[in-house]
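Could you build the full structure based on these sequences and the hints that come with them?
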Amino acid sequence: MLYRSTRGASPSVLADKALRAGAAPDGGLYLPDALPALELDQSPASLSEVARQLLPAFFADSALVGAVGEICDSAFNFPVPVVRPGDPGPHVLELFHGPTGAFKDFGARFLFRAFDRMADANDPITVLAATSGDTGGAVGCAAEGNTNAGAVILFPKGRISPFQEHQLCCWETPVRALRVDADFDACQTLVKQAFQDKGLSRQFGLTSANSISIGRLLPQMSYWVMAARKLFADTGEKPGLVIPTGNLGNGFAAVLARALGEPIGPIVLATNANRTLHDWFTDGAYKARASVATLANAMDVGAPSNFERLQAFEPSAPVAVLRVSDAEIRSAITQLHERTGYVACPHTATAFVAHERLSDSVRGQRPWVIGATAHPYKFRETVEPLIGRSITPPAALAAVLERPALVGDIPARLDALATALAG
1 MLYRSTRGAS PSVLADKALR AGAAPDGGLY LPDALPALEL DQSPASLSEV
51 ARQLLPAFFA DSALVGAVGE ICDSAFNFPV PVVRPGDPGP HVLELFHGPT
101 GAFKDFGARF LFRAFDRMAD ANDPITVLAA TSGDTGGAVG CAAEGNTNAG
151 AVILFPKGRI SPFQEHQLCC WETPVRALRV DADFDACQTL VKQAFQDKGL
201 SRQFGLTSAN SISIGRLLPQ MSYWVMAARK LFADTGEKPG LVIPTGNLGN
251 GFAAVLARAL GEPIGPIVLA TNANRTLHDW FTDGAYKARA SVATLANAMD
301 VGAPSNFERL QAFEPSAPVA VLRVSDAEIR SAITQLHERT GYVACPHTAT
351 AFVAHERLSD SVRGQRPWVI GATAHPYKFR ETVEPLIGRS ITPPAALAAV
401 LERPALVGDI PARLDALATA LAG
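Position 122 of the sequence shown, counting from 1, maps to 122 under this note's numbering, and the rest follow consecutively.
Calculated directly from the structure, the hints in this document are not laboratory data.
Label pairs and their computed distance ranges (CB to CB): (1) 199 - 43: 50 to 60 Å; (2) 360 - 60: 39 to 49 Å; (3) 66 - 34: 21 to 31 Å; (4) 341 - 123: 49 to 59 Å; (5) 318 - 81: 25 to 35 Å; (6) 339 - 81: 11 to 21 Å; (7) 341 - 27: 40 to 50 Å; (8) 392 - 199: 46 to 56 Å.
Think of the CB as a built atom: it goes at the ideal place given N, C-alpha and C, for glycine as much as any other residue.
This is the structure:
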């Protein structure tokens, strides 16, 4: 299985090379040259079983092909329930039961287990990751204690929740957190600049754990497939998906899974007040913008990097995009709790709002699945006043607060990042 750059100016490479590089040398993102022809068993199965069926073909002929099954079993060893808070109403795929309480655990755990098999003392890997909230925590947790694959995490100053910041900064060697005096898009640009600096990239063995990495994207297909198979088996209808969306990695993973022939119906992307994707869907014009701070801060992205993948893969807009305001997020959290007792984080709330905006006929045609992307405890400062009670943290998140935090501060300049990497 070969991977090509979305920009077409770099040679195609095998999966392990694509994982190691992060982005292609021409600045593009890797996509499969062709989708594998899979004999898919669409009966319900556990997440690791689904991943074992889906992923080996994407690593064919690479150094990792023999390890994919073991990586899946090790990485996906926590619950991924599909629940239904109210009947009638959408189903909810809870993606927040991993060690850092967010869907980013799936890709980060898979990726670092792959890196652990690829790196050695003479060829170490440094994962450089920008985060708008949840990616960094998952990356830090997955990297902690590794011998040959470390992580440096960049996050925007003053733009994430207190818990998120603590969770980014509490991991031990070989993990470091850097607070950047800029927004998330500037952090993401800094990462891309570092990758494009061949001397810097070679010196520190830089690669990516952001959703620009094909190693994050591929495993994320698995849980959409798992949920879709379950509901298709139960109802005979292909379920629609409503996916909270910032950088478009989670949404594109669903698009890729559907293209494989899995029983997935319409895909609706729910965004916050950041309007880049919504305006593209509405009038066909893509215009990157500065990000706007919202309650759903992990989705505060004005220049979603995976848009390039979506356009290269299916330029005819195979998704719908609905934009949700902070006021609607607050209302959805309150009303959902009053009606069903279910507690949603602000990101998940955007998907509930988007689902409600669909017409009665569209909602009634098929089952719908909402992606619940983060545990509400991570946003308790926002959620608790809206539901009138405290949220009990799961054990893994409570343990994070017992850890000391350590952070460095840098401006959004490549020379400052280079100095920090060398320090």
